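Enquirer: These are the residues of each chain, in order.
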Amino acid sequence: MDAMPGMPWPLPWPFDRTYMQLALVAGMVVGAAAPCVGTFLVQKRLSLLGDGLGHAAVAGVGAGLLVGTGPTWTALAVAVGAAVVVEWLRTRGSASGDLALALIFYGGIAAGVVLASRSTDANLQPYLFGSILTVGADDAYAVLGLGAAIVATVAVTGRALLAVVLDEESARVSGIPARLLNVLLAVLTAVTIVASMRVVGVLLVAALMVLPVASARLVARSFRGTMLGAVAVGLTSVVLGLAASRQWALASGGTIVLVAVATFVVVSVFQAVRAGAARPDAGGLLSGPG
Amino acid sequence: MNLSNGVAPVLSARGVSFAYGPEPVLEDVGVELSSGEFVALVGPNGSGKSTLVRVLVGLLTPRSGTVRLFGEPPDRLRRRWRVGYVPQRLRIAPDLPVTVGEVVATGRLPRQGWWRRTRPADRAAVDHALESAGLADLRRRPLAELSGGQQQRVLIAKALASEPELLILDEPVAGVDAAAQRQFRDSLVHLVEEHGAAVLLISHELGAVADDLDRVIVLKRRVVFDGPPAELAATGVSLGIHADDLPLWLEELA
Chain A
1 MDAMPGMPWP LPWPFDRTYM QLALVAGMVV GAAAPCVGTF LVQKRLSLLG DGLGHAAVAG
61 VGAGLLVGTG PTWTALAVAV GAAVVVEWLR TRGSASGDLA LALIFYGGIA AGVVLASRST
121 DANLQPYLFG SILTVGADDA YAVLGLGAAI VATVAVTGRA LLAVVLDEES ARVSGIPARL
181 LNVLLAVLTA VTIVASMRVV GVLLVAALMV LPVASARLVA RSFRGTMLGA VAVGLTSVVL
241 GLAASRQWAL ASGGTIVLVA VATFVVVSVF QAVRAGAARP DAGGLLSGPG
Chain B
291 MNLSNGVAPV LSARGVSFAY GPEPVLEDVG VELSSGEFVA LVGPNGSGKS TLVRVLVGLL
351 TPRSGTVRLF GEPPDRLRRR WRVGYVPQRL RIAPDLPVTV GEVVATGRLP RQGWWRRTRP
411 ADRAAVDHAL ESAGLADLRR RPLAELSGGQ QQRVLIAKAL ASEPELLILD EPVAGVDAAA
471 QRQFRDSLVH LVEEHGAAVL LISHELGAVA DDLDRVIVLK RRVVFDGPPA ELAATGVSLG
531 IHADDLPLWL EELA
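Keeping their order, the protein sequence lines are chains A and B. Numbering-wise (our numbering), the first sequence opens with residue 1 and increments by one. Numbering-wise (our numbering), the second sequence opens with residue 291 and increments by one.
Please note that a few of the clues may not be correct.
Claimed, not checked - Which bits of chain B does chain A cover? Going by a derived footprint, with three or more residues having C-beta under 8 angstroms, they are:
#1 343-349
#2 354-360
#3 381-392
Since the hints were derived computationally from the structure, they do not count as laboratory data. These numbers come from a predicted model, not from an experiment. Beta carbons: idealized from backbone N, C-alpha and C, even for Gly.
Here chain B stands alone, though its shape is the one from the complex (with noise of 0.2 angstroms):
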């Protein structure tokens, strides 16, 4: 890729247009993230959110445009283990018995190679990732004997086992409480600062991080702001205050 600073950008999407049907859900999206950039994507309900990230993991086939993870389409791209993906929701059945540990650790295969046998460098990134999303004292709970907001964060943990240089948060703190989210918070500071991971997290909370963010895009089917939240502040759109409100405020920005 032929970029102005010659260093191909964490993620970059170009003109990418998907849909399931007849009608468009993405349109014309562009978005590029690099190192150390704390991005957020927001967007009414319907907006193509998470439809725009299972474009971006590979899980969807644009159908058109382009998308480049550390410069490789997704489905080319070796070391995937850079590429940290936490989903909406935790799929895993209830009754399967598996401890808080058990999960967490399979989120550090990737990065060992699943076949291999788990060295202590491994154990000390799972040790490393429970305790920045605060599950340090729950690694041997199972994971059904959880809170909802206590199993959101073993997603993240899972994620963070494998010290991603890319972190994808699918609304990962719906209906989570206040000081799990300021938990929440500080392990994704401490990967963007101390890693130097690009994070782009879809959520409709932004309230806890909303001073940490470098740039917020909010798409609406296209991508109908891209910037600095002080900017989109500008615009009438608070991201601290009005975290409740905000797919509102966003329905009638453009």
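In isolation and in its complexed conformation, chain A is listed as follows (with noise of 0.2 angstroms):
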């Protein structure tokens, strides 16, 4: 039976099966869709805000498990609940709001795990990690629904998006919605990790928002070279790290987060290298200032 119309496609090596198929659609989905609302995240300083969420969704991920539901629409409210939450505790901007932002997120993985141990399937690794070789057709459908929304909501709000990161005042006082589009961009971050969940799991979801984007702007003069270049190294992490982790037998998850720091380490180095190049007086990458 075919899990997707006229799978296996005819791919070459290794992607001539249909799991790895159903992996590479969902990855790539993730792989560009993730670091299109990292962009953001990076340039507002919200880094982190990814990996929190991510903590939090573990209770919704519990708690999916508990009642025998899908775990994928359990998690997305709960995401999507705690981004709220957060982007309203950041506007009031107190120290008491950074205990409470990590009272959701630790409150948030603990509950998942306590949640998680009351069901009968109390296996949360899938789910933490990723599992992107046991991705099924309808987990598949579900990543190509939320990756299209998340790509689309960029598209037709990104430009505002920016008008906020630039100058959050001004774009309030010339009427764009600031605070709508703040917590917008927590919700698509929620949806983002939902959707990358089988693919690299909630605990390392925030490396594929940054890590591309990180690599991406030490090249790109423009915003939206940025987006574009870690879209492109978010692809890539995701078919080399797929390709190795099938070669070598690795955790697929892990594997395409370490292609994309990989790519950061060799992109630092060649603009290290090229910009010593540009300086006449520089010896090397080695030469110290002294």
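Since each chain sits alone in its own frame, please combine them into the complex, following the hints.
Expert: Below, the structure is given as structure tokens:
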């Protein structure tokens, strides 16, 4: 039975099998969507928001496992709810708000572990660290739907989000609903986490939002270029990570993230060498200032 | 509003007082601007200029008194693109990769509707804003590569992109060289004369625009002077000559 129409598609190794092709579909959607959202998070110095909301989403996964429904939609509900609360606390900007974030993040993951322990299918592992090779057709369709919603929302609101990133106060004065857009960005982050849950897991998803952007902004000159570059790095990380995980039987989520880390290191070194070459007095990468 | 000429002023503040703590920053301030007026707001350091601007655009709520933009309270103003606001400084992180063109285009969003597609008229307005700020050749350059004066012009172009009917600039030319100030003056005069907009310019350096101003308002917690530049000159303050010394001159006034 075909998982998606025409599967397995005639693709070369390592994507010749149906399960690898489902993983590829889900992985590429996430590889594109996560850096799109991450571009705004990085520029707003909210790189760890994804990590925190990922922790909170575990409560939703636990609840889903306990009730026996698919954990995707319970995780989505909890993550979106946490996103709205976190954004509300952030705008209040108090020290107690900082502690309240910790309360939500760790309360979330603790509740998830406890809830899951009461269920018969108590395995949180696939959701914490991803289990892309066991993605079924239903999961792939869910990821496709969430990913399409994320990319479409960014396409429509991206310019306004950029205006808020540039100068929130001016944006507000000129009538751009900055607070609403901040909430929207937090909700987009939550949706991205849930979409990425089966691919890299809620504990690693922030890496896929942040690391490709970190690489792209070393090279890019424009905001648009940063986002497109980050998407390119995200897609490359997923494809190479999946291939490596099949070749050497590695955990796929961790491998994808390690490829993104390696990309950042390579781009950083390349940029440092290029900057060194551009300065005629520079003796090379290892020469110190003295 | 019941005004003698029947037209609501573009901007009106009456009896505005404000304080961050026990010490008042603004006391019983009254300011009014009509379409096509080019007005400078000056005052010594700490006279409450920036606070007044923030009250006028609705970022701060006055303790007492009323503010009206186009006859509406600032928080209830629809079509907010009618008010252009140029903040004191560029607050954009220096490591943010963004081009001049991208920044200026965000200034058009309030006018075109932030969720709407960009139409040819919007592109033309952004082009026009870049040109009148002298940035047409720099539009593809990353913002971080620009000089301080060029970055200030980016902020002005961003505000001009929505073709505002009231433009409020908070010390936009601090530290900008003479050539850039002339270009800046030309774009403001263009806005006033061609588009009939009202401009409220908060600045210490009025040399470049001294001949174009309709009125000067001197603020020292209260409005201590409000009239044509010639009248202010009669009190011994000359905006053209003493550009650098203006804050000190104002200190002695009133």
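Enquirer: Take the hints in turn and mark each one as holding or not.
Expert: Taking the hints in turn, this is what the structure says about them:
no. : hint    : in the structure
1   : 343-349 : holds (count 3)
2   : 354-360 : violated (count 0)
3   : 381-392 : holds (count 9)
In terms of the numbered hints stated before, the structure departs from hint 2 and from no other.
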